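Here are the chains, one letter per residue:
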Amino acid sequence: MILKDYKPNKLFDELIDESGKVRPYYKTIVDRLSALSQEELKTKIRSLELLFLKQGITFTVYGDEKGTERVFPFDPFPRVIPAPEWETIEAGLVQRITALNLFLYDVYHEQRIIKEGIIPKEVVYSAAHFRPEFMGVSVPKDAYIHVCGTDLIRDTDGRYLVLEDNGRCPSGVSYVLENRTAMKRVFPNLFGGGVRSVDTYPADLLATLRHIAPRENPNPNIVLLTPGVHNSAYFEHSFLARQMSIEIVEGRDLIALDGFVYMRTTRGLRQVDVIYRRIDDDFLDPHVFRKDSCLGVPGLVDAVRRGNVALANAIGTGVADDKVTYAYVPEMIRYYLCQEPILDQVPTYLAWRPSDKKYILDHLPQLVVKAANESGGYGMLIGPASTKEQIEEFRQRIVANPRNYIAQPVVNFSQHPTLVNEGIEGRHVDLRPFVLWGDTVKVLPGGLTRVALQRGSLVVNSSQGGGSKDTWVFAT
Amino acid sequence: MMLSRVADHQYWMSRQIERAENLARLVRISEEMLLDDETLGRGSAQEYWTPVLQATAMEEPFKSLYRQPKQGDAARFITSDLRNADSIISCIRQARENARSVRDKISEEMWTEINALNMFVTSPEGIDLLEVAPQAFYEKIISSSMLFDGITEATLTRDEGWNFLQLGRLLERADMTSRFLDIWSQSTSQDAAEESLKWGAVLRACGAHAGYRKAYGGEITIEKVVDLLLFSNEFPRSVRHCLRRADEVLHDISGTPTGGYSNQCEKLTGALLARLSFSGPSEVLAKGLHQYIDELQRYLNSASQAVFESFVLLPSEVGRHFTRHNRQDSMSDWQREQQQQQQQ
Numbered sequence: 001m002i003l004k005d006y007k008p009n010k011l012f013d014e015l016i017d018e019s020g021k022v023r024p025y026y027k028t029i030v031d032r033l034s035a036l037s038q039e040e041l042k043t044k045i046r047s048l049e050l051l052f053l054k055q056g057i058t059f060t061v062y063g064d065e066k067g068t069e070r071v072f073p074f075d076p077f078p079r080v081i082p083a084p085e086w087e088t089i090e091a092g093l094v095q096r097i098t099a100l101n102l103f104l105y106d107v108y109h110e111q112r113i114i115k116e117g118i119i120p121k122e123v124v125y126s127a128a129h130f131r132p133e134f135m136g137v138s139v140p141k142d143a144y145i146h147v148c149g150t151d152l153i154r155d156t157d158g159r160y161l162v163l164e165d166n167g168r169c170p171s172g173v174s175y176v177l178e179n180r181t182a183m184k185r186v187f188p189n190l191f192g193g194g195v196r197s198v199d200t201y202p203a204d205l206l207a208t209l210r211h212i213a214p215r216e217n218p219n220p221n222i223v224l225l226t227p228g229v230h231n232s233a234y235f236e237h238s239f240l241a242r243q244m245s246i247e248i249v250e251g252r253d254l255i256a257l258d259g260f261v262y263m264r265t266t267r268g269l270r271q272v273d274v275i276y277r278r279i280d281d282d283f284l285d286p287h288v289f290r291k292d293s294c295l296g297v298p299g300l301v302d303a304v305r306r307g308n309v310a311l312a313n314a315i316g317t318g319v320a321d322d323k324v325t326y327a328y329v330p331e332m333i334r335y336y337l338c339q340e341p342i343l344d345q346v347p348t349y350l351a352w353r354p355s356d357k358k359y360i361l362d363h364l365p366q367l368v369v370k371a372a373n374e375s376g377g378y379g380m381l382i383g384p385a386s387t388k389e390q391i392e393e394f395r396q397r398i399v400a401n402p403r404n405y406i407a408q409p410v411v412n413f414s415q416h417p418t419l420v421n422e423g424i425e426g427r428h429v430d431l432r433p434f435v436l437w438g439d440t441v442k443v444l445p446g447g448l449t450r451v452a453l454q455r456g457s458l459v460v461n462s463s464q465g466g467g468s469k470d471t472w473v474f475a476t
Numbered sequence: 001m002m003l004s005r006v007a008d009h010q011y012w013m014s015r016q017i018e019r020a021e022n023l024a025r026l027v028r029i030s031e032e033m034l035l036d037d038e039t040l041g042r043g044s045a046q047e048y049w050t051p052v053l054q055a056t057a058m059e060e061p062f063k064s065l066y067r068q069p070k071q072g073d074a075a076r077f078i079t080s081d082l083r084n085a086d087s088i089i090s091c092i093r094q095a096r097e098n099a100r101s102v103r104d105k106i107s108e109e110m111w112t113e114i115n116a117l118n119m120f121v122t123s124p125e126g127i128d129l130l131e132v133a134p135q136a137f138y139e140k141i142i143s144s145s146m147l148f149d150g151i152t153e154a155t156l157t158r159d160e161g162w163n164f165l166q167l168g169r170l171l172e173r174a175d176m177t178s179r180f181l182d183i184w185s186q187s188t189s190q191d192a193a194e195e196s197l198k199w200g201a202v203l204r205a206c207g208a209h210a211g212y213r214k215a216y217g218g219e220i221t222i223e224k225v226v227d228l229l230l231f232s233n234e235f236p237r238s239v240r241h242c243l244r245r246a247d248e249v250l251h252d253i254s255g256t257p258t259g260g261y262s263n264q265c266e267k268l269t270g271a272l273l274a275r276l277s278f279s280g281p282s283e284v285l286a287k288g289l290h291q292y293i294d295e296l297q298r299y300l301n302s303a304s305q306a307v308f309e310s311f312v313l314l315p316s317e318v319g320r321h322f323t324r325h326n327r328q329d330s331m332s333d334w335q336r337e338q339q340q341q342q343q344q
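If you're matching them up, the sequences are chains A and B in order.
Going by this note's numbering, the first residue of the first sequence is number 1, and it counts up by one from there.
Going by this note's numbering, the first residue of the second sequence is number 1, and it counts up by one from there.
Derived by calculation from the structure, the hints in this document are not laboratory data.
For clarity, every value in this text was computed on a predicted model and none was experimentally measured.
Relax, there's no trap hidden among the hints.
Derived contacts from chain B toward chain A, CB cut-off under 8 Å, selection only:
hint, residue
1, MET1
2, MET2
3, SER4
4, ARG5
5, ARG100
6, SER101
7, ARG103
8, ASP104
9, TRP111
10, ASN115
11, GLU160
12, PHE311
13, GLN335
14, GLN339
15, GLN340
16, GLN342
Here are the simulated lysine to aspartate or glutamate pairs, DMTMM-like style, with alpha carbons at most 20 Å apart:
hint, chain 1, residue 1, chain 2, residue 2
17, A, LYS442, A, ASP204
18, A, LYS21, A, ASP5
19, B, LYS267, B, GLU295
20, A, LYS184, B, GLU108
21, A, LYS54, B, ASP149
22, A, LYS121, A, ASP106
23, A, LYS54, B, GLU109
24, A, LYS291, B, GLU337
25, A, LYS121, A, GLU110
26, A, LYS21, A, GLU425
27, B, LYS214, B, GLU234
28, A, LYS7, A, ASP17
29, A, LYS141, A, ASP106
30, A, LYS4, A, GLU40
31, A, LYS54, B, ASP104
32, A, LYS54, A, GLU69
33, A, LYS54, B, GLU97
34, A, LYS115, A, GLU331
35, A, LYS7, A, ASP31
36, A, LYS291, B, ASP333
37, A, LYS44, A, GLU422
38, A, LYS54, B, GLU125
Idealized CB from N, CA, C, for every residue including glycine.
Chain B with its partners taken away, still in its complex shape (with noise of 0.2 Å):
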């Protein structure tokens, strides 16, 4: 039994550390593809970013503050903006806030470690680092959220705490890695240069080349990347995966046997899960991978706001209230004047 908005603060903390990292993989990876004259074709940068935007949901509020965008706007936009609040950047720090409010329950190390990544992430060094180094500055955020991964599973009681931050962790990266096919599932090309560049890349963002030559080997194919990172039991950052641990945590959460379900947030992950379990690449690429990676990511969404009404509100307030949105700062401000008027 815990508090339900330590619950809550849990959970998110470990998304959006887990938001920022994939976040950071996609965007040291589209550098990297931007220095080759291949990827544009002959589009230009801003070309690149389009799907990319799109797919991780940001190309409306890009759109909104950059009228003319120019290079490096969009990576910039991803990275440091503060106004995107699914910046990582902004990540960092909203977890980080959320840590703070929940600092009696987490490890003195977990709280160390993201303490400090939000330090160097807004400290002239890291700003700095950004700019004259980019790729070495995504380096330090996978690798400190890895470190706050590790340190949680070194130090942190497994108790239901433990459990929430799982539960965070898996869900948000199910969903970035179903958004990384998304992002070219427009676009195939005829031309298999371009299309073995392109899923390579996304491969490489999930750190998952190693994976896929021991699953697969040979050539890379949509086929066999969309097998490996929806569809694999094994690979950890795939769909599959995440939601089959996902839908574990649950069951320990609520102590019921899995295969069955006490609450809607484990109806929606067995569901799901049962669906993945008996399904295939040459499915979803004969109903269109976008179409596919759509509805699952309605049905993961569907997941998470299942989890704020199970473990967050009260049976009476479910359907009362607005959704739950990973935003800390939409707090109004005579709602933080007031909680700042109490001193003495």
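Excised from the complex, chain A in its bound form (with noise of 0.2 Å):
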């Protein structure tokens, strides 16, 4: 039995239940797993970790002179979400991406929610990712957020919380789109129907990027605007469009004449409509933010503004998931929507407020203290698996730059069996669902389950050493 040896721990596991039962939708799973033998599972994995070889699936590991890029491990040991979990996931970012997107909306005109004292001002100023250049400028079907990436994790008692908001450029839907493929190669038998299909998530996208072109033009021209073959996420890019059939341009391919935006093609210029951009705010274009991107298009701005060109996701995004307005979220749902949250979010001390950051301060052994800006699992201390020094080094940039820093108690993600070399153990896991908001709004069944492959690990970053997991929603 290949279970034999597995053993849940005190945190939430997603397949033994209190009693020490697998949970019922796992069955199957388990029953035809453990018919392999240890010898045809090896042969299984290693056909696995080559076919993502092959097919050159890998992402870039920065900061890495020699092996520039890996495949982003893959575990075969499937995680899965039964029918009526996932309609309160998606209930809850349905609603979470509509006060996202109304709070946006609302921060870049009348500011009703700072005027009447829901958030404070200084929250949003202070955002480094706050485009005060954007006040005003209307954009298209008052959209903000797209694509968007929200992360969740499980506290002990299985409850889904929201760990963070990525709104900017997330990235990993391919590895979802990927990973299932590669399962249904390898290891098609695991699948005792019901498995909701991710397949439609490019045809999806491409409607969201449709939805938004300029004066409704019935045939846009569509690309996906790439910060170049050096990027990590470049693999994921590149797949898109080759999903959607668009082409995938880099700053270099584009101009802006006169307000408008062209690509150059061997016969000359050809008039862009819509950018799916995969490139920070900052970046795109250096007459506006920062002077020295070589990433950017010059002009690129002023086309935005003059509603000639559309961009996914739109300028200034960035203020929505700042880790210190994610504190503020749960109040925005409440003002926008008259609802309460569906989701829970983990509870967050703000260092910038006196009676927080003296909390912070105290507790920081106990803590996880991130930079309100940072992603990729970087700027981050978790404070109880740190040393002395890496405490005391944090403790200074907080009073340093009390703006900068949030801090959360240290919330356990469930577990999840996954097949290491020395069998099946359990290991951390959370939960990358995508949200597309178009012309409807709508979740990708499942999401990119990340697992920490260090035992005991919480990070499950690929660029630190995560994998991935296939997300199964089952149908009913």
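From these two lone chains plus the hints, build me the complex, please.
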């Protein structure tokens, strides 16, 4: 029996319930995995690795001079989300992106939420990604976040908590699609039927992009703007462009002339209508943002302002996924939607509030401290797992720049059975579902389950030793 | 119509694969020749490699990196030295990087093949094979390049992208064939046996032995080799054949009827083709083979630059930009860092 040595611990276990039994929706998978011999399993895993490597499904590890490209480690034990659980998550995510888009529209127009004292002005104005240059500029359909990747974790009771909203350029969706393809190819017999498909994502994304075409152009020229082949998500950019049959362009392929954007082709210039950009605001246009950007297009922002080209996501969404703003999202939901948040989130202490700051500094060894504007697991302190020196370093950073730090209690992620060399062991997982805001709001069933492959580790980021799993949402 | 950058990547991708294949052909033949005592005469192995490095424009960088070259250094420099931007492995890496940039434009099978070749040459097995059985290593590169060509032929839509792939391969092939001819162009000997050995090696490097037998038969002479490799209309690696096809491809891209021209690149290939069509080996040898090839290569370089200027740059940019190189890694560190910063 494949699970004979598998032990749940004090955390929430995705596979085993409180009474020590396998949860019913995992039964087929466990039975069929158990039917495989060690040897068969090893062969299958090897062929999975080879599949990824041969197709070049890789990401780039920064600061690593030599092996620049790596396969994103993939764990074949799928994560299952039963239908009722998923319904709640889906409703919660739709509620959240709705509130975030209303918030962004408000912040860049009347700022009612500030005037009415729900969110302090300082929070908005001190967010690194707030773009006052875009005050009063209207964007197509008043939509700011078109693609959102919200990170969820589960606490010890199995409650899903929102960890952060990624509303700028969230990545990872290509792995959701590729993981599924790989699972179908190598482990077809694990699928017992009833797993919801993820294949429509590219078509849904394309519809989302078409939805914001300037002047309702029914045949817009849509392109994906990538930073280039050295970006860790380049595989994803290329994958999505291919799936949507749109051009993948770099900044140097585009040129802005008289308020319009064009791409350079072998037959001259061709106008561009919608840009799915995978570049941060800062780098979009050296005339407006960072002057040293070599990735952007001079004059692009002017074309956006004039409404001649649409961007997804819009400029300035970073103010909504700022980690300080995050603390106010439940308030936003109540304010704009008059609803109670469906999904809970992690209690958050804000270092810029004097009382919170004192609490943070007094409890550093028990807290997780995050820089407000960092992502990818960088700029983070996990108190219980840190040395005295690391804690002292963060203390100084927080004192020097309180606006830039938040702290949260350590939330232990749920654990999920994961294949490791020694057999099957529990590893921490999170979940990044993807939400598309177009004509309708669509949530991709499942999302990317990231797994911390180091025993006991809570860091699931691909750049820091994380892997991923296929995520199955059952239809009923 | 296609993105100019994509056309550029496709053009260089196929050029680099073709270059890797031709260099593999060259080193494979050289290693074989060096096993024969006659090859060297009284010279050293290093003396053998000097004209090879000269003909492939690698002599300067080789000398600056290897002050006192040892046995095997030259072959290693041409094959696997990553400091040499034109080494076989460098070419494969660059070709694979170019392919990665246009992955959505080429077939899955094309990508898989070039990706697998790149993985192979940098893998422990690949490096091992190069040590213990170099012939098999070169064989693998040659066949992978030809497989890539075949896959392209069988899976890629005949559109503009196809034309740019063909153009890259054909111009590189013409260039490399002329370089093979250049290796011993300045050291003709009176010894018929030695001559036959050298020119036979050039033929084999071009895979032209059978073609030669068919066309001429008998002993191998410089006149006939030059006739076949420069002027043959039928042999697929001859300079004239490659240029004729490149000229067709260019006219296919522009839509201009052959015989005329609508851009600088068509003008150059057309003029060169006319020259080759109305000339022959006696004229070449009278002028001096090396001089002739030198001129030919200048023409080919201008043609390649013209591809860049005609299809990649906007008319207003021509003359303001530096020459297009085949090096992908000329990007500066800060540019690379900026590309890397964007992630969530």
